[in-house]
Amino acid sequence: MPLATIPPRILWAVDLMDVQPADQVLEIGCGPGAGAEAICSHLETGKLFAIDRSESGVDRTKRRNQKYVDAGRLVVRQIDLATLRVPVKRLNKVFAFNVNLFWVRDCDDEIALLHERVVPGGAVYLFYDAARPELVPNIVKKASENLLRGGFRVSVVEQKAPPVIGIIAKR
0 MPLATIPPRI LWAVDLMDVQ PADQVLEIGC GPGAGAEAIC SHLETGKLFA IDRSESGVDR
60 TKRRNQKYVD AGRLVVRQID LATLRVPVKR LNKVFAFNVN LFWVRDCDDE IALLHERVVP
120 GGAVYLFYDA ARPELVPNIV KKASENLLRG GFRVSVVEQK APPVIGIIAK R
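Residue numbers for the sequence shown follow numbering that gives the first Met the number 0, beginning at 0 and rising by one.
No lab work stands behind these hints: they were computed from the structure.
The beta carbon of each residue, even a glycine, is placed where N, CA and C say it ideally should be.
Incorrect hints may have been included.
Pair ranges (Cβ atoms, derived) [claimed, not checked]:
id, residue 1, residue 2, range
1, R104, K66, 15 to 21 Å
2, L134, D79, 36 to 42 Å
3, Q19, V74, 15 to 21 Å
4, R152, V103, 21 to 27 Å
5, P162, K66, 29 to 35 Å
6, A130, P20, 32 to 38 Å
7, K169, N99, 27 to 33 Å
8, S154, E115, 40 to 46 Å
9, P132, A21, 20 to 26 Å
10, R89, E54, 27 to 33 Å
Derived DSBU-like pairs (lysine-lysine); straight-line CA-CA distance at most 35 Å [claimed, not checked]:
id, residue 1, residue 2
11, K66, K140
12, K61, K169
13, K169, K66
14, K66, K159
15, K159, K141
16, K169, K159
17, K141, K61
18, K141, K169
19, K169, K140
20, K159, K140
21, K159, K61
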């Protein structure tokens, strides 16, 4: 599939992440695989570890990105973040799009795991569709508080069209 089939909001998010050829990236909630495709297109010696709690999300990501799986640049697993054991000790970047975990409940254990695995200078990138602007302040507030409590430095970016909010947590 050409990258033109990737939604503009995903392309914007991945561009903002500035994925480098050797990056070690974790994607939380890979869903249909568009984020994995956009990230893997930048990798050469790096690797993307994509996880999803849904079996169908894992299957769709694998099917869409079979060439990256075959090339060894993509590993996809059905697992949730709380029980994840990343095969690489150090991650440069963590990516999630519309994953509610970070703002709807206590996620101290998951954020501690990310803080332990992200290299100093690395970052966690949480992106959310902002088509319902009334939800954005609560999402930003709660996710930022959780990340700050976990030892990250947090900044927020916004794109107007399509409307997307990004929470960047640097280690």
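So does K169 sit 27 to 33 Å from N99, Cβ to Cβ? 22 Å, violated
Range agreement (Cβ of K66 with Cβ of P162, hint 29 to 35 Å): 32 Å, holds
Pairwise beta carbon distance, R89 to E54, judged against the given window 27 to 33 Å: 28 Å, holds
Can the restraint linking K159 and K61 be considered satisfied, given a maximum Cα separation of 35 Å? 31 Å, holds
Below or equal to 35 Å on CA atoms is what counts here, so check K169 against K140. 16 Å, holds
20 to 26 Å as the expected CB spacing between A21 and P132, which holds or is violated: Taking Cβ atoms as reference, P132 and A21 lie about 38 Å apart, which means the hint is violated.
For K141 and K61, compute the direct alpha-carbon distance and say whether it is at most 35 Å. The hint holds at about 32 Å.
Need the status of pair K169, K159: alpha-carbon distance at most 35 Å? 23 Å, holds
Given the hinted pair K61 and K169, is their alpha-carbon gap at most 35 Å? Roughly 29 Å between the alpha carbons, so the hint for K61 and K169 holds.
Proposed proximity, K169 with K141 (alpha carbon, max 35 Å): This hinted pair holds, its Cα atoms lying about 17 Å apart.
Between K169 and K66, does the CA-CA distance stay at or below 35 Å? 31 Å, holds
Given the hint of 36 to 42 Å, check if L134 and D79 actually sit that far apart at their C-beta atoms. 23 Å, violated
Violation of the numbered hints given earlier is confined to hints 1, 2, 7, 8, 9 and 11; the remaining hints are satisfied by the structure.
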